[in-house]
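S.K.: These are the residues of each chain, in order.
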Amino acid sequence: MGDMDSVELLETKFSRRTFIKGVIAVGATATATSQFLGRPGIAGAQTMAGSAARLITLRVNDQDRPVDVLPNETLAMTLRYRLNLTGTKLGCDRAECGACTVLVDGVNQYSCSMLTHQVRGRAVTTIEGLQNPDTGELSTVQQAVLEEGGFQCAFCAPGFIMSMTAMIDDNPNPTREEAAHALSGNLCRCCDYDKILTCAMRAAELARSV
Amino acid sequence: MAIIRDMIPDFDLFQPASVDDALALLAEHGREAWVLAGGLDSYDWFKDRIKRPKVVVDLGGVAELNGIREVEGGLEIGAMTTLTEIVRDARVRSQYPLLADAAEHVATPQIRNQGTLGGNAAQDTRCWYYRSGWPCYRAGGNTCYASAPKAMNREHCIIGRSRCVAVNPSDTAPALIALDAKMIVRNERRPNVYDAEDFFIGPSTDITRMTVMKPGDLLTQIHIPAAWANANFYYEKIRDRGSWDFQLVSVAAAFQVSGGTISGARIAVNGVAPYPLRLEAVERMVIGTEGDEAVATEAGELSVLGARPLRHNDYKIPMMRNLVRRAIRSAV
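Just so you know, the sequences run in chain order A and B.
Positions 4 to 213 (our numbering) are the ones given, in order, by the first sequence.
Positions -13 to 318 (our numbering) are the ones given, in order, by the second sequence.
Calculated directly from the structure, the hints in this document are not laboratory data.
Just so you know, even glycine gets a beta-carbon here, dropped at the ideal spot from N, CA and C.
Be careful, since some hints might not be right.
What the hints assert, rightly or not - Covered by chain A, per the in silico footprint, the following chain B stretches (three or more residues, Cβ under 8 Å):
| # | region |
| --- | --- |
| 1 | 23 to 32 |
| 2 | 249 to 259 |
Said to hold, decoys possible - Calculated from the model, a selection of chain B residues having no Cβ within reach of chain A, i.e. all distances over 12 Å:
| # | residue |
| --- | --- |
| 3 | Q1 |
| 4 | D44 |
| 5 | Y301 |
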């Protein structure tokens, strides 16, 4: 028991995620201080037309989530480190790999490369929001991935699954080539592309039969 | 490049709801202000701590900058219209498929869902010395690292260098030139309208800018004139990776054909110069011809006259020559 406590303590103290949470908190303090010192434009109270308020409510996975967001914070940061929605992964943090893909109003976008303040009033869906919250039933894409075993290490899987979800919404009857084009914004370093495409085709098939 | 540094440095964020408010903010903050459209170019600069604006003006809430409208004499596209919207727009697809084709060649679905036509046109160069924060001419320093004797310059320019050898990376820019698009740039004083080919500038005009826009200026609309609607179009982009990448060389062309001969032509190439390059001499040469193989070959040769490669990019000369040749072949 004692051992477990110390392991937990270590993880709490030194995990990367906790460290980044710390960075965000320190950032918040610094910003609050500079606001106190009278720098213009850092919100809280609106100091000028169009300046962004810090305390906002986000619509994430059909829930309203009040959250304190820095002006310079990306959506991926807010989801992972403030809302604990760690299913959204950060791979490159440069709009290249797609691991951070979420849906904004149903459209797949890179959450590492948008400011959280840009999605105020819009519906954000993350991998955690695909499962039916009442029945626990998986979405058709998740079910297809489970059936086809599409991923090896699966770090990229949440991003791919979000892109597949957007793809099927857009084009429920894709050819394999169209699916490859629709998923071209997601990278898999295990190079499981063939199996991932099989998942996408299976997901489309499942979606059509619902 | 591509090192996660956890947080973008602090800035003040403004999200105006109108163009007038945005222009007032840009006028007030001048050089300290950064215009944020889709943001795909911006965030790399911020995350790498190479550009650190004090004020960011996010245009996402400015409704009047969104959407495609039919107007007298053509289409008017708001600068914040996403590339996906352009790719899917029925009017663009049927009358100006060149623009849809070019927009579809930009990066990935996620980037097209967020990236805007204005942002794609006005984006900064991808020269990796410059983007890695080296103090080059373009960054206000006193040397060009990309043309140094042992530099890695495979993707740099073969034409139009002037101290800087970077290229314009935009896929839509040559299409806008081929379509004779007008770029509407506003500031607090007055609106200015530029022909697309004049909107992009080279280092000999101002080495620190890619376009005519100065602090305080905002690209608000792009007008596509009906004069080139339903022309014969050709677009091709050569890149290292099939799925997505910036261009090595791309070509966009529009041809009007009557009675089997070319009566009008506009051809632009990107990836070869610090600005998208209109090939007026080639246009003049092919007008009045049937665009046959001999003409296409001659046009290709003419297009690369005066090209001067760097150490690692001589392949761009035959690549440009052949793309121009293919474009002419497709004309009639």
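S.K.: Could you run down the list of hints and mark each one as holding or not?
M.R.: Hints, verified against the model:
With 5 residues having a beta carbon nearer than 8 Å to a beta carbon of chain A, the region 23 to 32 of chain B meets the requirement of three or more and the stated coverage holds. Here's how the region 249 to 259 of chain B fares: 0 of its residues keep a CB closer than 8 Å to some CB of chain A, so the rule of at least three is not met and the hint is violated. For B/Q1, the non-interface assignment is contradicted: its Cβ lies about 5 Å from the closest Cβ of chain A, within the 12 Å cut-off. The beta carbon of B/D44 is not kept farther than 12 Å from every beta carbon of chain A, the shortest such distance being approximately 6 Å.
Listed as outside the interface, B/Y301 is consistent with that label: its C-beta sits roughly 25 Å from the nearest C-beta of chain A, beyond the 12 Å cut-off.
Checked against the numbered hints listed earlier, the structure breaks hints 2, 3, 4; every other hint is satisfied.
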